[in-house]
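In full-length UniProt numbering, the protein residues as written are 1 to 142.
Please keep in mind that the hints were generated in silico from the structure rather than gathered at the bench. Since we're looking at a predicted model, the values are computed, not measured. Errors might be hidden in some of the hints.
With a straight-line cut-off of 20 Å between C-alpha atoms, the simulated SDA-like cross-links for lysine to any residue are [as the list claims (entries may be wrong)]: (1) LYS15 - GLN46; (2) LYS15 - ALA92; (3) LYS120 - ARG37; (4) LYS38 - GLY121.
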Amino acid sequence: MNNVVAALGLDVGSKRIGVAGCDRLGMFAHGITTIVRKSWQEDMAQLQALVSDREVTTLVVGLPYNMDGSLGYQAKQVQKFARGASKHLGLALEYVDERLTSFEAEQIMQSQGFSPRENKGMIDRKAAALILQQWLDRRRDR
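Could you put together the complete structure from these sequences and hints?
Spelled out as structure tokens, the structure:
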């Protein structure tokens with residue numbers, strides 16, 4: 001009986017990658033860290049350390065669809081990164097529609113008294129947690 005959930009949620013941006021993890025039961029997602037992007041090798045080294053430490057099997061990546069449901073330039077860049085990361089790290093890859101997660105993360109932060117402008121890394125982690133939570137909820141509902 002292997003019902004352990006080991007997934008990382010990623011909010012991939014051009015400057016930062018928000019990273020979230022979940023409990024082993026797959027109930028709750030939480031922000032772990034924000035990777036400041038430097039190079040492919042450094043990004044992968046940081047992700048590999050998290051994957052090894054947390055025994056991750058699945059990468060859950062937020063895909064920024066356009067409001068009309070189409071894939072724009074940014075979504076295609078995220079897909080390219082995600083496919084490469086999945087292959088490099090040897091992980092299953094799943095996508096979640098991440099429209100408005102960064103906006104939702106900013107709203108949560110403001111309600112908690114944080115300034116989104118001064119805490120961009122925290123927004124990225126929260127957005128990654130929202131992405132992963134959406135995947136966990138969908139997975140549980142199946």
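Consistency of the hints with the structure:
1. With a C-alpha separation of about 15 Å, the suggested pair LYS15 and GLN46 falls inside the 20 Å cut-off, and the hint holds.
2. A hinted pair counts as satisfied when its Cα atoms are at most 20 Å apart, and LYS15 with ALA92 does not qualify at roughly 24 Å.
3. Only pairs whose Cα atoms come within 20 Å are accepted, and LYS120 paired with ARG37 is accepted, the gap being roughly 13 Å.
4. The straight-line distance between the Cα atoms of LYS38 and GLY121 is roughly 15 Å, inside the 20 Å bound, and the hint therefore holds.
Figure legend: structure checked against the earlier numbered hints; the only hint not met is number 2.
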